[in-house]
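Peer 1: The primary structure of each chain is shown beneath.
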Amino acid sequence: MTIKIYGMPYSTCTARVLATLAEKEVEDYELVPVDLSVGAHKKPEFLKMQPFGMIPVLQDSDLTIYESRAMARYISDKFESQGTPLFGKTAKDKALVNQWLEVESQNYNPCVSSIVYQLVFAPMHGRQGDETVVKQQLEKLEKVLDIYEAHLSKNKYLAGEFFSLADLSHIPYTFYLVNMAKKGDGITSRKHVSAWWEDISSRASWKTVTAKMN
Amino acid sequence: MSITLFGTAGSTCTSLVLTTLFEKQVQDFVLKNVNLAKGEHKKPEYLKLQPFGVIPVLQDGDLTIFESRAIARYVSDKYEGQGTPLLGKTEKERALVNQWLEVESQNYYPVVSSIAYQLVFGPRRGLKPDEKVVEQQLEKFEKILDIYEEHLAKNEYLAGNFFSLADLSHIPYTYLLLHQAKKGEGITSRKHVKAWWDKISSRPSWKQLLDLRAQS
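Chains as they are written, first to last, in my numbering: chain A, 1 to 214; chain B, 1 to 216.
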């Protein structure tokens, strides 16, 4: 068992990595819990691995890497020959997967993570969510989702006709948006976005992750 | 000449792609200027290429791709056999390049682009800078740069002892922060961050980009 993941199953970013491992049919890894409630992620031993003080972190023998999107890439590359081909099969496929990974990173995630922070994580830490921020971010999200709707009316998945890391990357925060923040109307009211969401969130890989969340 | 790049040499994101092309020793491409002042990037013909209405976009044969970081990866992959090995040479090096690419994307860029918006892009549209936002972002930036300083005290470049796409992706916005926003003290006051910045911004690829800007 060379791979260790330091994180918590309920953390969106840890979930991204766990879902990737599941898609690549990797079961041989250890999930090492990091107790955020006692500030374990801000202690010196953890900061040596991840100087920004956040989960998750991946260790594979003498390699330590952080940032969940980079960890997901590493797993996709290392286990390229098994499980779902998360970068497609051709150079063109890969280019489009990378494009939609950046769309998630630069356009989708900033809105959705902000809403989820205000409505789910801030209250968890005893802070009141900012309704003005939520409203502004929901408005931005509507514009982004219009673009997704047009795109998904012509493509089954983001990068084309195949499920990829680009779709997977959207799952954890969207799951929180819909189920915990209860702000999923943008998703469910759009025919093709809704169908895409149902499809990707019903995958076996995501079910194994949500099972670990309880 | 299969590659067409839609954008402008003056744009930070287009600059990332241009500099990547230069690092990979690709000179054979067409740069098609997009007239932002005339709102060309919001017109229907452009939105067909890039539905978010921003530059740049790259076309290569029948492939159209947007998002500068994705375009830079595409160029790095396509021209793997020439120029600088921007994604490293081993699986381990590549993993570290990807890690620092995400650090740029998730930690560095949001802060720097916020300052850039307040002090450079907003004013161009007649907006007044929000000094409170600038102050908050600069405080965040200090904490991030402390981490970079410690890391660069032990590593010549971000992913190790080789220049990579991770370093390159920091250049356009950092240049803007220093030279247009005039908020570069965080960079220049830290010994190892400054040395890293001086090295990466002196590369011929970035100089070629600045020459291109001067001609445009």
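One should not assume that every hint holds.
[As the list claims (entries may be wrong)] Cβ-to-Cβ under 7 Å is the rule here; a few derived chain B residues that face chain A:
{"hint": "1", "residue": "Glu93"}
{"hint": "2", "residue": "Ala95"}
{"hint": "3", "residue": "Asn98"}
{"hint": "4", "residue": "Pro123"}
{"hint": "5", "residue": "Glu185"}
{"hint": "6", "residue": "Thr188"}
Treat the hints as calculated values from the structure; they're not laboratory data.
Backbone N, C-alpha and C define an ideal beta-carbon position, used for all residues, glycine too.
Peer 1: Look at each hint and say if it fits the structure.
Peer 2: Now for the hints, and whether the structure bears them out:
1. For Glu93/B, the shortest C-beta to C-beta distance to chain A is roughly 10 Å, which exceeds 7 Å, and the interface hint is violated.
2. Annotation: interface hint on Ala95/B holds; nearest CB of chain A at approximately 5 Å, less than 7 Å.
3. Interface restraint check: Asn98/B against chain A, minimum CB-CB distance 4 Å, threshold 7 Å, status holds.
4. A cut of 7 Å between beta carbons decides the hint on Pro123/B: the least distance to chain A is about 22 Å, and the hint is violated.
5. Taking 7 Å as the C-beta contact cut-off toward chain A, the hint placing Glu185/B at the interface is violated, the least distance being around 22 Å.
6. For Thr188/B, the interface hint is violated, the least distance from its beta-carbon to any beta-carbon of chain A being 22 Å, above 7 Å.
The structure shown violates the earlier hints numbered 1, 4, 5, 6.
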